[in-house]
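Enquirer: Sequence:
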Amino acid sequence: MGLMSDGSPERSAGRPRDSSIDDRVLEVTRQLLLEVGWDELSMRLVAARAGVGRSSVDRRWASKAELVLHAILGETPDLTPFSGTDLNGWIGWLAAGSHQLFSQPDVRVAVPGLLLALQENPALRNTLWGSFSGPAVALYTEHVPAATSTQRSDAELDARALLVLAAGASLFLTTVAVDDNTEELRARIAELLTAASGQSAH
Numbered sequence: 001m002g003l004m005s006d007g008s009p010e011r012s013a014g015r016p017r018d019s020s021i022d023d024r025v026l027e028v029t030r031q032l033l034l035e036v037g038w039d040e041l042s043m044r045l046v047a048a049r050a051g052v053g054r055s056s057v058d059r060r061w062a063s064k065a066e067l068v069l070h071a072i073l074g075e076t077p078d079l080t081p082f083s084g085t086d087l088n089g090w091i092g093w094l095a096a097g098s099h100q101l102f103s104q105p106d107v108r109v110a111v112p113g114l115l116l117a118l119q120e121n122p123a124l125r126n127t128l129w130g131s132f133s134g135p136a137v138a139l140y141t142e143h144v145p146a147a148t149s150t151q152r153s154d155a156e157l158d159a160r161a162l163l164v165l166a167a168g169a170s171l172f173l174t175t176v177a178v179d180d181n182t183e184e185l186r187a188r189i190a191e192l193l194t195a196a197s198g199q200s201a202h
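Going by full-length UniProt numbering, the first residue of the sequence shown is number 1, and it counts up by one from there.
One or more hints might be untrue.
What the hints assert, rightly or not - When the alpha-carbon atoms are kept at most 16 Å apart in a straight line, the in silico EDC-like pairs for lysine to aspartate or glutamate are as follows:
1) Lys64 x Glu120
2) Lys64 x Glu27
3) Lys64 x Glu40
4) Lys64 x Asp39
5) Lys64 x Asp22
6) Lys64 x Asp78
7) Lys64 x Asp106
What the hints assert, rightly or not - The calculated label-pair distances, taken between Cβ atoms and stated as ranges, are:
8) Glu142 x Glu184: 46 to 54 Å
9) Ser55 x Pro145: 50 to 58 Å
10) Gln119 x Ser153: 21 to 29 Å
11) Ala177 x Ser55: 42 to 50 Å
12) Ala146 x Asp179: 40 to 48 Å
13) Leu87 x Ser42: 38 to 46 Å
Please keep in mind that the hints were generated in silico from the structure rather than gathered at the bench.
Please read all numbers here as calculations on a predicted model, not as lab measurements.
Cβ atoms here follow ideal geometry from the backbone N, Cα and C, with glycine treated the same way.
Make the full structure from the sequences, and use the hints.
Expert: Quick look at the structure:
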């Protein structure tokens with residue numbers, strides 16, 4: 001099920017969806033981002049390069065922003081690194097994974113255009129945040145004792161705050177504070193996030 005611009009589930013096709021088309025289109029999208037950039041990228045260009053009909057692309061993705069998000073982020077978050085880890089491991093991977101994501105060449109090319117597109121499309125923005133924060137928040141709260149609804153709400157709030165801090169720091173490091181984008185500083189960010197979580201008292 002893909003992200004739709006209105007936040008609704010993907011439209012159902014009359015025939016089973018051909019995953020080979022999806023894979024080809026997504027790979028071409030990543031290639032074209034590096035070749036022509038966000039501004040010159042179009043659904044028409046992607047379809048032509050991938051050797052599929054424009055209608056096939058339109059049925060799967062409602063907009064260029066949705067297509068690019070799917071190409072660079074995947075359809076759902078990869079939670080494999082969180083499997084079997086503890087709270088410190090969750091935070092450590094969050095910091096490392098965010099930096100890894102924003103360091104990818106295709107992501108760096110797409111970010112400026114995507115930020116504008118998401119600003120203009122609240123439904124897609126909310127769907128993106130919900131789809132990627134929800135599973136990570138759920139994993140975080142598994143490690144936090146919460147006997148009451150208030151404690152559970154506080155734990156979820158902490159998780160979302162850590163997500164925002166880690167992703168925001170990584171975005172800033174890879175776009176603005178590039179001279180300070182060092183292993184030492186990134187390790188310190190992870191340490192601060194871990195310490196902040198440990199100091200939380202509700």
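Enquirer: Now tell me, hint by hint, if it's right for this structure.
Expert: Verification of the hints:
{"no.": "1", "hint": "Lys64 x Glu120", "in the structure": "13 Å, holds"}
{"no.": "2", "hint": "Lys64 x Glu27", "in the structure": "14 Å, holds"}
{"no.": "3", "hint": "Lys64 x Glu40", "in the structure": "11 Å, holds"}
{"no.": "4", "hint": "Lys64 x Asp39", "in the structure": "10 Å, holds"}
{"no.": "5", "hint": "Lys64 x Asp22", "in the structure": "14 Å, holds"}
{"no.": "6", "hint": "Lys64 x Asp78", "in the structure": "22 Å, violated"}
{"no.": "7", "hint": "Lys64 x Asp106", "in the structure": "14 Å, holds"}
{"no.": "8", "hint": "Glu142 x Glu184: 46 to 54 Å", "in the structure": "31 Å, violated"}
{"no.": "9", "hint": "Ser55 x Pro145: 50 to 58 Å", "in the structure": "52 Å, holds"}
{"no.": "10", "hint": "Gln119 x Ser153: 21 to 29 Å", "in the structure": "28 Å, holds"}
{"no.": "11", "hint": "Ala177 x Ser55: 42 to 50 Å", "in the structure": "44 Å, holds"}
{"no.": "12", "hint": "Ala146 x Asp179: 40 to 48 Å", "in the structure": "41 Å, holds"}
{"no.": "13", "hint": "Leu87 x Ser42: 38 to 46 Å", "in the structure": "44 Å, holds"}
Going down the numbered hints, you'll see the structure goes against 6 and 8, while the others check out.
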